[in-house]
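Undergrad: As they're listed, the protein sequences go chains A and B.
Per UniProt numbering, residue 1 is the first one in the first sequence, and the count goes up by one each step.
Per UniProt numbering, residue 1 is the first one in the second sequence, and the count goes up by one each step.
All clues given are correct.
You can't tell identical chains apart in this list, so a pair holds if it fits in one copy or across any two.
List time: in silico EDC-like cross-link candidates among lysine to aspartate or glutamate, alpha-carbon distance up to 20 Å:
| hint | residue 1 | residue 2 |
| --- | --- | --- |
| 1 | 96 | 80 |
| 2 | 175 | 397 |
| 3 | 140 | 98 |
| 4 | 348 | 164 |
| 5 | 96 | 243 |
| 6 | 317 | 192 |
| 7 | 317 | 172 |
| 8 | 317 | 294 |
| 9 | 317 | 213 |
Hints listed in this document are in silico derivations from the structure and should not be mistaken for laboratory results.
Since the model is a prediction, treat every value here as computed from it, not as a measurement.
2 protein chains.
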Amino acid sequence: MFLVRKHYLSGISIMYVTHLYCSSCNSHYAPRRLHNLCNCGKPLLVAYDLDRAATTLTQEALRDRSPTLWRYAEVLPVNDPAHCVTLGEGMTPLLKADRLGQSLGLQHLYIKDEAQNPTASFKARGMTVAVSMAKELGVKTLAVPSAGNAAGALTAYAAKAGLEVYIFMPQDTPKANIIECQQMGAHVTLVDGLITDCGKIVAERKAAEGWFDVSTLKEPYRVEGKKTMGYELAEQLGWELPDVILYPTGGGTGLIGMWKAFDEMERLGWIGSQRPRMISVQAAGCAPIAQAFESGLTTGVEIINARTIASGLRVPKAIGDFMMLAILRQSGGTAIAVTDEALLAGVKLIGATEGIFAAPEGGACIPAITHLIEQEKLDRDERIVLFNTGSGLKYLEAFSD
Amino acid sequence: MFLVRKHYLSGISIMYVTHLYCSSCNSHYAPRRLHNLCNCGKPLLVAYDLDRAATTLTQEALRDRSPTLWRYAEVLPVNDPAHCVTLGEGMTPLLKADRLGQSLGLQHLYIKDEAQNPTASFKARGMTVAVSMAKELGVKTLAVPSAGNAAGALTAYAAKAGLEVYIFMPQDTPKANIIECQQMGAHVTLVDGLITDCGKIVAERKAAEGWFDVSTLKEPYRVEGKKTMGYELAEQLGWELPDVILYPTGGGTGLIGMWKAFDEMERLGWIGSQRPRMISVQAAGCAPIAQAFESGLTTGVEIINARTIASGLRVPKAIGDFMMLAILRQSGGTAIAVTDEALLAGVKLIGATEGIFAAPEGGACIPAITHLIEQEKLDRDERIVLFNTGSGLKYLEAFSD
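The shape of chain A in the complex, shown without the other chains (with noise of 0.2 Å):
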């Protein structure tokens, strides 16, 4: 059924991409190119023939496919299944939170489990496609600067694919991230700084040492991965979305991957024009989304001196910000700063009531909510899901008591 490398479309042509075009000037580039940012250096996004894909990408064709996130393919950037380098990642279970959402008064809360991907966290998602692509695209070595899970999941694919991989992260990032890398053959450098400060040496070395940069948004297949939460999110509710989702948002790939999915599918004819209110959750010691949103920016400002024990979440400066900020507005959505206190007792929170070890990004979302629900922005009868981005495995250093 679902033994990966038996492909169902294996040997068929699955690429409908027509173009990619830029998130911000529009410019138009080629497919089956490798491509970093636009030359105005704004974040390219992959465009598809979605009539063409209609005809073989319907709901009743997903029942005999297998409960990956290549589920999808025609919606996806790999022209040759054969290049899909896989390690069962995605259809992450959709799992309703009737205990929790109890104690927060809410009665129909969801959780979706991203830790349940390879590596442990959401990060598989926009890695699984971007090593693909790169595979396909005749790439050998790959760089990446990360805050932790991207460089795991980047790692763990690059190894599947026979890549050279070279990771850059913060010194302080968890020693979980660091020690998969290492037993998975990356060569990892620490860096005395933030991941910001991680990206200006791969952006440097990168020409001279002839590294692909898979940076968040600085490739276009990262945000293709991670849409899929969004189809995932309509196929497990019977294709309805929901009517309000939290996201904990670092470089924010995920929220504007959503987006996108939700955009696809109505092409499709799959959903209406509904849309959920998106909510980023972000960590007080760094929150530029939040700062920008509150303050009526279209752009964030780099946080300095930028602190938070959700790493993931310690993102001065995200280069799609200005889309995140677009979708929070134009969704009747919000961004809330939650402090590491809160974000931790979520993290109990979330364990004793349902049983999921929970991220502290995913734990971000519980004070997020309640602050939600004190401000009357949250009706207990909606359709509410919160994103659980990894496993709290990967934080120990996190959860000294």
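Starting from the known structure of chain A, arrange chain B on it as the hints suggest.
TA: Relative to chain A, chain B alone:
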């Protein structure tokens, strides 16, 4: 689709259990009652009316069922689907390991990646069923001795069910196991001793405290959850079994469970009489099954001073040892002990070639394969499945370099 609570059999009784029977003396016991061991002191197993089960449990029916182990509901003991305590466990990917196979000289090597279960180990399978049954039968408080991963899994499912949990683990259990239990609200006691010492504490105190003992094979349902690994292997391989299965063996519930599943599937008409050669993989510092197999014994002798970094293999005496030894011999398999040094090298090889950060127990399969090849006990073109029983993330202390 697999919004887990929206059960496809919701409201229908799915219980085809006819009785429980002793694995040793064959005494019968009534279903739907709390049981631990047989009066003779040996484990109880569950018998089903497979003819009735076969009326709804068909290969065709499985097409529309959720990708969790509850897809095999008719051969699981829960009566009312509302009692299923699920976190989305099972149907883990079976990954073709071509790069690892190539480095070992094997053509058809597969890895069943159990790290993608809830709580990042195969222990989730047993505990989802055991806790569901405890809930169905009215238990309020559970207790377990554990080498680590069983504790995390029990804590998670008990939290989801709203039951109280007492955990007893050796004090040198990996920190990840201890922290996950604490974060999910278990009562954790660290014991200066081995898992057998922890088991004695539970046995001594359970009557006075009112605990239900969920020790490996001391209640009849964990093995029912574990057997689904056998069902999944067959389904994922197109209703064929592999030629060889390498299984890291501590308590051995999975080995016993899969063998039971093969028997049930033959009676369901899904497979023939052929069986894989079952290979038990143990650590040199604690190899009761390998030693007993070698010596022609039908039970294991208790290992004194058991030592290995692979904490899940540190089981000095397993209550189901007589079943394991019978299965190994009946299948034409064997048992192999490997050094800690060799199993840690195995973790690195799996990581670098397949992108899976394996548990030390999973890594132990690599030197076992090398040994079998040297002894000419494996053919290069056989279908070989190795089990990675959990994530390396749960054993960070083992990877200090």
